[in-house]
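Throw the hints in and build the complete structure from the sequences for me.
With the first letter of the sequence shown counted as 1, position 131 gets the number 132 in my numbering; the numbers rise by one all the way through.
To be clear, the hints were calculated from the coordinates, so they are not data collected in a lab.
Glycine included, C-beta positions come from ideal geometry on N, C-alpha and C.
Check the hints yourself; a few may be wrong.
FRET-style restraints, in silico, Cβ to Cβ [claimed, not checked]:
#1 113 x 175: 43 to 51 Å
#2 98 x 174: 25 to 33 Å
#3 70 x 225: 38 to 46 Å
#4 185 x 29: 38 to 46 Å
#5 238 x 169: 42 to 50 Å
#6 44 x 177: 19 to 27 Å
#7 230 x 137: 17 to 25 Å
#8 139 x 113: 15 to 23 Å
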Amino acid sequence: MSLKYKRILLKLSGEALNGGDKSQIINTEILQQFAKEIKSVVDLGCQVAIVIGGGNIFRGATANSGIDRSQGDYMGMLATVINGMAIQSVLDNNGLTTRLLSAIKMEQVAEPFIRRRAIRHLEKGRVVIFGAGTGNPYFSTDSGGALRANEIEADVLLKGTSVDGVYSADPRKDPNAVKYDEVTFKEAISKGLKVMDMTAFTLCEENNLPIIVFDMNREGNLLKVVTGQTVGTLVKK
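Printed below as a string of structure tokens:
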């Protein structure tokens, strides 16, 4: 089985770690499933970087929370590091070698983000987890994922969700929603399709970095994506 994408950045939401169940922060069964999916592609020689959100713990842009926006965003960044530590531990327990890199210095738990060091880790077969977003308020982890993907020269940005691609409307609410197998950046914008936030989306478009939106919860999907099988929705120029 050959790889179509040698180096990937996998973007996961914080809510992916609890399966949308707000009664718990992290579901260890889901983490174990993700670890097996990631190991399956690493074993093929795929270089994997991960960016994970923090919404299962704290969402920085929460409206009317009484917390200053910048302060809230920094709190959200710390939440992404907690999630990064969780996924790192489970990946380690599944026999993978990992490195957690943070955009905010916290030497006791993570290495500081240095672009060349991150690329070197990937070349050595280590799974690299990027925490703390961009290190700046007012930027989402979507933007952080797009930024890191371009910095490490990833072949593709994979957005793992609980939906099997990009639809004309929310398929969980609209039974007439139409799924797109492939769409251009310009078409996605003109049709108002929700792929990523505009900052992240524009960064990918300007640097010709394709995005694939797929269902991360379906077993074997990640392997199918990196080997070039048609899964989810491809967004490209």
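Hints, one by one, checked against the model:
1. 113 x 175: 43 to 51 Å: Because 44 Å falls inside the window, the suggested range holds.
2. 98 x 174: 25 to 33 Å: violated, 42 Å
3. 70 x 225: 38 to 46 Å: holds, 39 Å
4. 185 x 29: 38 to 46 Å: Check passed, 39 Å falls within 38 to 46 Å.
5. 238 x 169: 42 to 50 Å: violated, 21 Å
6. 44 x 177: 19 to 27 Å: violated, 41 Å
7. 230 x 137: 17 to 25 Å: At 37 Å between Cβs, range violated.
8. 139 x 113: 15 to 23 Å: holds, 21 Å
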